[in-house]
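Asker: First to last, the protein sequences are chains A and B.
If you want my numbering, it's the 1-based position in the first sequence plus 1.
If you want my numbering, it's the 1-based position in the second sequence plus 3.
These are calculated hints, taken from the structure and not from any lab test.
Beta carbons are placed, not taken as given, at the ideal position from N, Cα and C, and that holds for glycine.
Check each hint, because a few of them may be wrong.
Here are the simulated distance ranges between beta carbons [stated by the list, open to error]:
no. : chain 1 : residue 1 : chain 2 : residue 2 : range
1   : A       : Phe13     : B       : Phe110    : 29 to 37 Å
2   : A       : Pro24     : B       : Leu25     : 49 to 57 Å
3   : A       : Phe13     : B       : Ile14     : 36 to 44 Å
4   : B       : Met11     : A       : Val61     : 34 to 42 Å
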Amino acid sequence: MKRTLAYLSLLFILGVLLYVANPNYGLKFGPGGEEWKALRYTDDYYITHGLEEVGGTNIVTDIVFDYRGYDTIGEATVLFTAIAGAVALFRPWRRDGDEHH
Amino acid sequence: MSTTDGDMGVIVRTGARATIPLIGIFGAYIVAHGHLTPGGGFQGGATIAGAGILFLLAFGLGEMKRHFNKNLYSVLEGIGGLAFLGAAMLGIGTAFFYNVLWHNGPFFNGKPGTLLSAGYLPIMNLAVGLKVFTGLVSAMVGLALYRRWRK
């Protein structure tokens, strides 16, 4: 019973995703054509100016390390905090030695 | 046939011995070419850390403890983070994260598409790759070392 329900819900999710991803009558992710450039001009700016302003042929690296450098600082801080937290949580505590289980 | 301290047997150990250098070289390639090809510091650093984690899984915690120097890895992670911040500070005369080396820097000023180009991007890629590699390996060793479900 549980297994049948699980398969049915998987089928339902697959159908919803197929419907949503269909370009004919599904969701539209933003406008296309020339309107796209008017509303999402930052994408166009990075593509046309990135190579000249930052110098890397990998536009993603240009964005990550130059245009959005603050975001990368935050990501590095999150990584550092995660490792410090993992080591602090998993190191043996003082009362662990007394428990016998 | 020594299966003490959680190593995974002859087959896995031999396979790991063959593949760990290749994984490390591939990760170093991704880090070094981060400003030219897909990938970058974070992805390459995670790939090299995968080699370290494979070493830990295949050879066991005892062998890893013999090769893992906690203080060295802490210092390397600090150097990575500080080099990242220092490269960002280079252009503080104009703005934080201003790429001052590109167009008029003394080095890393080659034609776009060559290895020594793109200003501070290679420095930042190396710094972030070092930081991610040492950080992930340290986290994995910490998880393996301090587990509390041991008998």
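Asker: Each hint needs a verdict: does it hold in this structure or not?
Answerer: Okay, the hints, checked on the actual structure:
With their beta carbons about 58 Å apart, Phe13(A) and Phe110(B) fall outside the hinted range of 29 to 37 Å. Separated by about 41 Å at the C-beta atoms, Pro24(A) and Leu25(B) break the suggested range of 49 to 57 Å. The hinted window of 36 to 44 Å between Phe13(A) and Ile14(B) holds, with their beta carbons roughly 43 Å apart. The beta-carbon spacing between Met11(B) and Val61(A), approximately 36 Å, falls within the hinted interval of 34 to 42 Å.
When held up to the earlier numbered hints, the structure conflicts with 1, 2 and fits the remainder.
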